[in-house]
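Visitor: Take a look at the letters that make up each chain.
Number of protein chains: 2
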Amino acid sequence: MERKTIKDILADYKKILHHDITVQGWVRAFRSNRFIALNDGSTINNLQVVVDFENFNEEVIKSITTASSLKIVGEVVESQGAGQTVEILAKKIVILGDNFSDDLQKTILQPKKHSLEKLREEAHLRFRTNLFGAVFRVRSAVSFAIHQFFNQNQFFYINTPIITGADAEGAGEMFGVTAFDLNQVPKTEDGEVNFEEDFFGRKTSLTVSGQLEAETAAMGLGRVYTFGPTFRAENSNTTRHLAEFWMVEPEVAFNNLEDNIDLAENFLKYVIGYVLDNCKDDLAFLDKRFAEEQKQKPEKDRAKEGLIEKLENVIKKRFKRVSYTEAIDILMNSKENKKGKFQFPIEAWGADLQSEHERFLVEKHFECPVVPLDYPKDIKAFYMRLNEDGKTVAAMDVLFPGIGEIIGGSQREERLEVLKSKMQEMNVDEHELWWYLDTRKFGSVPHAGFGLGLERLVLFVTGWTNIRDVIPFPRTPKSAEF
Amino acid sequence: MERKTIKDILADYKKILHHDITVQGWVRAFRSNRFIALNDGSTINNLQVVVDFENFNEEVIKSITTASSLKIVGEVVESQGAGQTVEILAKKIVILGDNFSDDLQKTILQPKKHSLEKLREEAHLRFRTNLFGAVFRVRSAVSFAIHQFFNQNQFFYINTPIITGADAEGAGEMFGVTAFDLNQVPKTEDGEVNFEEDFFGRKTSLTVSGQLEAETAAMGLGRVYTFGPTFRAENSNTTRHLAEFWMVEPEVAFNNLEDNIDLAENFLKYVIGYVLDNCKDDLAFLDKRFAEEQKQKPEKDRAKEGLIEKLENVIKKRFKRVSYTEAIDILMNSKENKKGKFQFPIEAWGADLQSEHERFLVEKHFECPVVPLDYPKDIKAFYMRLNEDGKTVAAMDVLFPGIGEIIGGSQREERLEVLKSKMQEMNVDEHELWWYLDTRKFGSVPHAGFGLGLERLVLFVTGWTNIRDVIPFPRTPKSAEF
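Top line first, the protein sequences correspond to chains P and D.
Position one of the first sequence corresponds to residue 1 (the numbering used here), numbered consecutively onward.
Position one of the second sequence corresponds to residue 1 (the numbering used here), numbered consecutively onward.
Hints listed in this document are in silico derivations from the structure and should not be mistaken for laboratory results.
Don't take each hint at face value.
In this list, chains with the same sequence are indistinguishable; a pair is considered to hold if it fits within one copy or across any two.
Said to hold, decoys possible - The list that follows gives simulated cross-link-like pairs (lysine-lysine, DSBU-like), each with its CA atoms no further than 35 Å apart: (1) K441 <-> K62; (2) K288 <-> K441; (3) K62 <-> K478; (4) K320 <-> K297; (5) K106 <-> K304; (6) K187 <-> K113; (7) K422 <-> K316; (8) K203 <-> K118; (9) K316 <-> K7; (10) K112 <-> K269; (11) K269 <-> K4; (12) K269 <-> K280; (13) K420 <-> K341; (14) K422 <-> K62; (15) K316 <-> K15; (16) K420 <-> K478; (17) K71 <-> K364.
Note that the structure is predicted; figures quoted are calculated from it, not measured.
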């Protein structure tokens, strides 16, 4: 588009010095009836517009208040003041639309400190704050980097179904999807819900993962990934859970566990590197905010690294790969464990790793991202490949500082008989998954993949703490406004 | 990833001539016990592997059948035969997994002609056919091009909610989302469903559009787009309808109708150009198939252009912009209308354009993509901007040959009072949309956007006819397998 954004103007101002330009945006502040800080969302930086009030009628000047929308024609000049290199000398000002100052004072657009809870209640307005502008621009960059990484590596993007008739992975509670009028749910003669009369002629739910369908695609297209919404009807009111969140799931034919870890490491480093390169201004803002937040904490709880420093370090260091067995040894023999400092003490091989253990390994022991692998089969899903020892599976997690698990994946069980007996053991219905088993019947191949929760990664990259603040319209128990 | 795909090998074979390489894939054909056509999904092209059966034991040779999975080490040589420039002389062959030939004969993997209906029933296997491999690689390229176009033009990707408490746009029937056990739906004292007890504490549905939420984001971030699944619980069993489909919705602050049309035209041309540049082999295959399909039709129904020719022409020509009023005149005065050849004759200004009218304008009258604009307000949605004439709104559609409407959009009504009276007129609940009205209260600005159904565009680009064949796992009435 030909219209210049404020980002363009700030970047290229030397080319347009002393030219008249048109710029549109919202007023972030109006100082001394003279200096407008104008923002159009393209960047966190405002453009300074200088208004000589003698040149404009009083009505116009009065209308310039917080959040009002302006179209300005003016000359680009180098700024005399501190804080900006360029400014616009306004020659023409048009008020673009309504701005009701009285009502505005009740909203989060009123320039003062608002609680995050209030910001969430007005999620439709929070895009207009510095903080959320930065967060959502970074989220967008993360998403684009994900697509670009996979595209450059010959992956095909596939859309697995959102409404699904399969309930196989059993990863927590699922939401039902129905076209029934809930006042009059049709029943069979036995008094059961008659799903045959529903839209799809069967019981359907919202997907919890596209992995199984993605595996079928990988068996034809080789390298695929999904990137779409997934759902959990879990009644968890925490800073880490959403009922609706976005997940990325690559699946690669011919990959083994080691390939899978390489892919995960390269992928994360690419995406974080992309954000470091492309979101400098937003990251600088978030970095400063992160530092301020840390200062408010007791010294022992403060992060060792600044936000940008943390991101740069993740890219530099090779992720530490360690067997589950070794990780359990480290945890079991740690001072923390012996002194009873873990909420869940590690007593024996076979224990599941809790968040506190993950963070101990990453933040205290190895001081870098850690990839535990070859987990006990009993604590992992049915589709993970059984190792030769008969008691572990070819699973891997990527653990990040401050976050814990950011990726979970595995080599998949490609041997039909082993898979079937695993399903029997774990009570997974073979008949429902007839199509999944087919992939092991017709030219089965070793393959592997993983899942990444987008919001977890955005939390990490923005240094933010509550997952409800990194998705535009969070869905949580008792909350589905907008 | 370091492992070379067949696409890499075919593209760079000169660099690896007479080297030994490793390649993995599935057998598409095995001719004369000597020539394997190997495919790994990276490209529609197979790699020829030459097997000297004297060098391998009989068991291995026997296992090489349709769909079996192989790892081959061999030397890259220039091919003596016709049909390929390069081939691999096999030195080592490993069978990677099970392949049950007897069962395979009952599936679509059996090399013979299968009905599209059977292909749909085995959607999990159709990725392994030439046709669907090509279609889904092209779909992936289309998706990537969409992200790249918007990224290059400073748009931010935002995720609007899938589960929504709003039912405002009223675009057809919505699916309900619930965590209730449908056998025991909680009721209030009045005998109504007690949605307060449901997961979200209210009635929730699957989104039909992210537009209204995207508008709130555009009011902060300037240029945004959504790209996600949307849903319709319409009982339409046609070749053009899906209950679950993917939609792209850009929304741009400060854009008027003309900007919006420019954006739509540039966008479509970019995406189609990207596919022409990046999917040459798949398009060549689809082009040939398209030509064969046309031959089977009576001459009068045949497409005038080949598939690739059609795509190239869409890029070359400027889209024809024409007012709705002018379009209606053209239709009303057409021979077709006068001779009663339209199923829905055009009798007066105010009539909605049906598919037959759209195609007449595009294919017969203008012979290029057409953009009718300024539609009667009564046949369009409440949020479209009322024109000065008081009877039309600033709406636009993009009509494509063979497809009809591929994009629908408008400048949005940014004037609070006009919007409110429009909502009243059309029975849209103001209270439910309090947040939408807020965007018109606090620095309202002119803005515009449109919606594109991804599958429609993929149909156009692949020359395909049934929408169920361009999404991996179609969701339609009575069908939600997988």
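Visitor: Determine for every hint whether it applies to the structure shown.
Guide: Going down the list of hints, with the structure as the test:
Only between protomers do K441 and K62 lie at most 35 Å apart by alpha-carbon distance; the minimum there is 17 Å, versus 74 Å within a single protomer. For a Cα distance limit of 35 Å, the shortest separation of K288 from K441 across copies, 32 Å, qualifies, whereas the shortest one inside one copy, 55 Å, does not. In this assembly of identical chains, the alpha carbons of K62 and K478 never lie at most 35 Å apart, being 42 Å within a copy and 61 Å across copies at closest. Taking the shortest alpha-carbon separations for K320 and K297, only the intra-copy value of 29 Å comes in at or below 35 Å, while the best inter-copy value is 62 Å.
Neither within a single protomer nor between protomers do K106 and K304 lie at most 35 Å apart by alpha-carbon distance, with minima of 39 Å and 61 Å respectively. When the C-alpha separation of K187 and K113 is checked against a cutoff of 35 Å, the pair qualifies neither within a copy, at 54 Å, nor between copies, at 42 Å. For a Cα distance limit of 35 Å, the shortest separation of K422 from K316 qualifies neither inside one copy, at 39 Å, nor across copies, at 57 Å. Taking CA atoms no more than 35 Å apart as the test, K203 paired with K118 passes between copies only; the shortest distance there is 23 Å, against 38 Å inside one copy.
For a Cα distance limit of 35 Å, the shortest separation of K316 from K7 qualifies both inside one copy, at 30 Å, and across copies, at 31 Å. Taking CA atoms no more than 35 Å apart as the test, K112 paired with K269 passes in neither setting, with 37 Å inside one copy and 45 Å between copies. For the homomeric pair K269 and K4, the shortest alpha-carbon distances inside one copy (32 Å) and between copies (22 Å) are both at most 35 Å. Taking the shortest alpha-carbon separations for K269 and K280, both the intra-copy value of 16 Å and the inter-copy value of 31 Å come in at or below 35 Å.
Taking the shortest alpha-carbon separations for K420 and K341, neither the intra-copy value of 41 Å nor the inter-copy value of 60 Å comes in at or below 35 Å. Taking the shortest Cα distances, K422 and K62 sit within 35 Å of each other only across copies (30 Å), while inside one copy they are farther apart (73 Å). In the homo-oligomer, the alpha carbons of K316 and K15 lie at most 35 Å apart only across protomers (32 Å), although the nearest pairing inside one protomer, at 37 Å, exceeds that limit. Proximity of K420 to K478 under the C-alpha cut-off of 35 Å is restricted to the inter-copy arrangement: shortest distance 29 Å between copies versus 40 Å within a copy.
Proximity of K71 and K364 under a CA criterion of 35 Å is satisfied in neither setting, with 54 Å inside one chain copy and 43 Å between copies.
Of the hints listed earlier, those the structure fails to meet are numbers 3, 5, 6, 7, 10, 13 and 17, in rising order.
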